[in-house]
Amino acid sequence: EVQLVESGGGLVQPGRSLKLSCLASGFTFSNYGMNWIRQAPGKGLEWVASISSSSSYIYYADTVKGRFTISRDNAKNTLYLQMTSLRSEDTALYYCARRGYSGNWFAYWGQGTLVTVSS
Amino acid sequence: DVQMTQSLSYLAASPGESVSISCKASKSISNYLAWYQQKPGEAYKLLIYSGSTLQSGTPSRFSGSGSGTDFTLTIRSLEPEDFGLYYCQQYYEKPLTFGSGTKLEIK
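Read top to bottom, the protein sequences are chains A and B.
Numbering follows this note's numbering, with no gaps: position 46 of the first sequence is 46.
Counting from 1 along the second sequence, just add 119 to a position and that's the residue number in this note's numbering.
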């Protein structure tokens, strides 16, 4: 069974940093691209970042480019999102999701970890 | 960016009925479209990709259609467990974008 478990969320002040993790199990992690997606309270879904299976290709939404860094450790089956210069508008539930086998759909999702940016 | 529009934010129906949820792209995305379901307390679930291909485990009462800019998710003979939120997503180009969602509730 595919499982994605996010962690690392919490309350953080504007301008500070936070690092999210996503532990994957139930599939060969090193074979799949991974993604971060977020959902602000009462809002819709926003794709944040993608990373290919070997970290060769990385993409970001314009809203986070230059502030967030996606990375992965295939030996640890873990996906990361380093978030810096956090803003109130980054407040959201952050999901990790596995890429589809042959396309950029999101085949499996975690339950999310909540990031609240507030002073 | 490709804007995805789900014109109906809310839809009420009774078990046993059939419903259709529409999704419109701001430009042609071929069939690079996926549908997701979210139920309270559960992870998002992929239902359909490539516009009409059912993800393994998706019941056959679900179907997807469309190509280009107009897409439809149809659920035949609604079951109680089908009620929830439905989102479309384009993966024709980055940034990957989602519709605003359609909440399907029990009438």
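The set of hints was computed from the structure by calculation and includes no laboratory data.
Please note that the accuracy of each hint is not assured.
What the hints assert, rightly or not - Simulated restraints, written as ranges between beta carbons of each label pair:
hint, chain 1, residue 1, chain 2, residue 2, range
1, B, Ser186, A, Tyr57, 39 to 49 Å
2, A, Thr28, B, Gly176, 13 to 23 Å
3, B, Glu224, A, Ser30, 22 to 32 Å
4, B, Arg180, A, Tyr101, 37 to 47 Å
5, A, Pro14, B, Tyr129, 14 to 24 Å
Claimed, not checked - Derived BS3-like pairs (lysine-lysine); straight-line CA-CA distance at most 30 Å:
hint, chain 1, residue 1, chain 2, residue 2
6, B, Lys226, A, Lys65
7, A, Lys65, B, Lys164
8, B, Lys146, A, Lys65
9, B, Lys222, A, Lys76
By construction, the Cβ of each residue, glycine as well, lies at the ideal position given by its N, Cα and C atoms.
- Message: Name the hints, by number, that the structure is in violation of.
- Response: 1, 3, 4, 5, 6 and 9
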